[in-house]
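Q: Residue numbers (the numbering used here), protein chains in the order written: chain A, 1 to 114; chain B, 115 to 226.
Please note that the accuracy of each hint is not assured.
As the list claims (entries may be wrong) - Lysine to aspartate or glutamate pairs mimicking EDC-like chemistry, simulated, CA-CA at most 20 Å apart:
1. B:LYS156 - A:GLU102
2. B:LYS182 - B:GLU153
3. A:LYS15 - A:ASP56
4. A:LYS78 - A:GLU68
5. B:LYS213 - A:GLU14
6. B:LYS213 - A:GLU68
7. A:LYS44 - A:GLU14
8. B:LYS170 - B:ASP145
9. B:LYS213 - A:ASP56
10. B:LYS185 - B:ASP198
11. A:LYS78 - A:GLU14
12. A:LYS15 - A:ASP86
13. B:LYS185 - B:ASP163
14. B:LYS182 - B:ASP163
15. A:LYS44 - B:ASP169
16. A:LYS44 - A:ASP63
17. A:LYS83 - A:GLU102
18. A:LYS78 - A:GLU102
19. B:LYS156 - B:ASP198
20. B:LYS213 - A:GLU102
21. B:LYS213 - B:GLU153
22. B:LYS170 - A:GLU85
23. A:LYS44 - B:GLU153
24. A:LYS44 - A:ASP57
25. A:LYS71 - A:ASP86
26. A:LYS11 - A:GLU102
27. A:LYS44 - B:ASP198
What the hints assert, rightly or not - Here are some of the chain A residues that sit facing chain B, going by a computed Cβ distance under 10 Å:
28. ALA20
29. TRP22
30. ASN24
31. TYR35
32. ASN51
33. LEU60
34. PRO61
35. CYS92
36. PHE105
37. GLY106
What the hints assert, rightly or not - Where chain A lies over chain B, by a calculated footprint (3+ residues, C-beta under 8 Å):
38. 131–142
39. 184–198
I should point out that these hints are in silico values taken from the structure, not numbers from a laboratory.
None of these values were measured; they are calculated from a predicted model.
By construction, the Cβ of each residue, glycine as well, lies at the ideal position given by its N, Cα and C atoms.
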Amino acid sequence: EAGVAQSPRYKIIEKRQSVAFWCNPISGHATLYWYQQILGQGPKLLIQFQNNGVVDDSQLPKDRFSAERLKGVDSTLKIQPAKLEDSAVYLCASSLAGVNTEAFFGQGTRLTVV
Amino acid sequence: GESVGLHLPTLSVQEGDNSIINCAYSNSASDYFIWYKQESGKGPQFIIDIRSNMDKRQGQRVTVLLNKTVKHLSLQIAATQPGDSAVYFCAENLQGAQKLVFGQGTRLTINP
C-alpha cells in the first residue's frame, strides 16, 4: 500500500513570500489532516477534511493560511505571506474514517522562512 | 536528517532493558489514545492505540496502559533495541471535538 505522499520535502523562502505544499493521501482515505510541527513540539492540527469538506480549521491562521481539497483526494496548503514563525515541518496525514481510526503520516515538508 | 525536538524530555535506557514512557493527558472526556513514534526526518508512525473502555492493550513488544483516574497513559517497550531510538508522542482524541491532540513528546535513546 502506497503511503501518504508530500512535496516538496524542503522549502526555503523569504518572509512575506508565498508557498504551497501538496499532499496525496492513501487511496480511499476519506479524512485528511494538515499538521504544523515546530521544532521541539508535538504536531498541531491546522485543518481536517472529511472528503472535500472542512471538519475543523479552528487553529488555522486564516489571515495567511489556506487549504483546499477540491475533489476529495489531493490537498494543498498555502501560506501567504509567510512569517518567520511559520518555520516548521508541515505534515499531512490521512485516515479511513475520522480520528478514531489510525492516521498515517507523510514525511512532511520542512519550511524555513528567512 | 535534522532531529525533531531538540529540547524534549529524554529517556535513556540500556539495550535489552524495558522502556517506560509516560504521558499525562489533558481532557477527562478523551476517549481514544494513540502512541506515535517519530524518527529523525520522518513523519509520526502509529505504534498502538487504546480506547477509554480499556485499561491495557498489548502489541508486539509494546504495551499501553491507561489510568483514567489520574489521566495517565504509558507506553512500555520490552527488550529495547537500537531501532527504537526516536521521539515518542502520545495523542488523545477529544470526544465530541473529533480532534487528535498531540503531547510534547519524549526522546528515547538507547545505550549500547
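Q: Taking the least C-beta to C-beta distance, is PRO61 (chain A) closer than 10 Å to chain B?
A: Interface hint status for PRO61 (chain A): violated (17 Å vs cutoff 10 Å).
Q: For the pair supplied as a hint, LYS78 (chain A) and GLU102 (chain A), is the alpha-carbon distance within the 20 Å limit?
A: With a Cα-Cα distance of about 26 Å, the restraint between LYS78 (chain A) and GLU102 (chain A) is violated, given a limit of 20 Å.
Q: Does PHE105 (chain A) meet its interface restraint, that is, does its C-beta lie within less than 10 Å of any C-beta in chain B?
A: Because about 3 Å separates PHE105 (chain A) from the closest Cβ in chain B, which is inside the 10 Å limit, the hint holds.
Q: Need the status of pair LYS15 (chain A), ASP86 (chain A): alpha-carbon distance at most 20 Å?
A: Within the cut-off at roughly 9 Å; holds.
Q: Straight-line Cα separation of LYS170 (chain B) and ASP145 (chain B) no greater than 20 Å?
A: Cα-Cα ~14 Å, so holds.
Q: Taking only the CA atoms, is the gap from LYS156 (chain B) to ASP198 (chain B) under or equal to 20 Å?
A: Distance ~14 Å between LYS156 (chain B) and ASP198 (chain B) Cα, so the pair holds.
Q: Classify the hint on GLY106 (chain A) as holds or violated, based on whether any CB of chain B lies nearer than 10 Å to its CB.
A: holds (5 Å)
Q: Restraint: LEU60 (chain A) near chain B, CB-CB cut 10 Å. Satisfied or not?
A: violated (12 Å)
Q: Within a Cα-Cα threshold of 20 Å, do LYS213 (chain B) and GLU68 (chain A) meet the stated pairing?
A: Holds. LYS213 (chain B) to GLU68 (chain A) sits at ~19 Å (cutoff 20 Å).
Q: Let's test the interface hint: is any C-beta of chain B closer than 10 Å to that of ASN51 (chain A)?
A: violated (14 Å)
Q: Between the alpha carbons of LYS182 (chain B) and ASP163 (chain B), is the straight-line distance 20 Å or under?
A: holds (15 Å)
Q: Regarding the pair LYS15 (chain A) and ASP56 (chain A), is the alpha-carbon distance no greater than 20 Å?
A: The given pair, whose Cα atoms are some 27 Å apart, is violated under the 20 Å limit.
Violated hints, in rising order: 2, 3, 5, 7, 10, 15, 17, 18, 21, 22, 25, 26, 27, 28, 29, 30, 32, 33, 34, 38, 39; the structure is consistent with all others.
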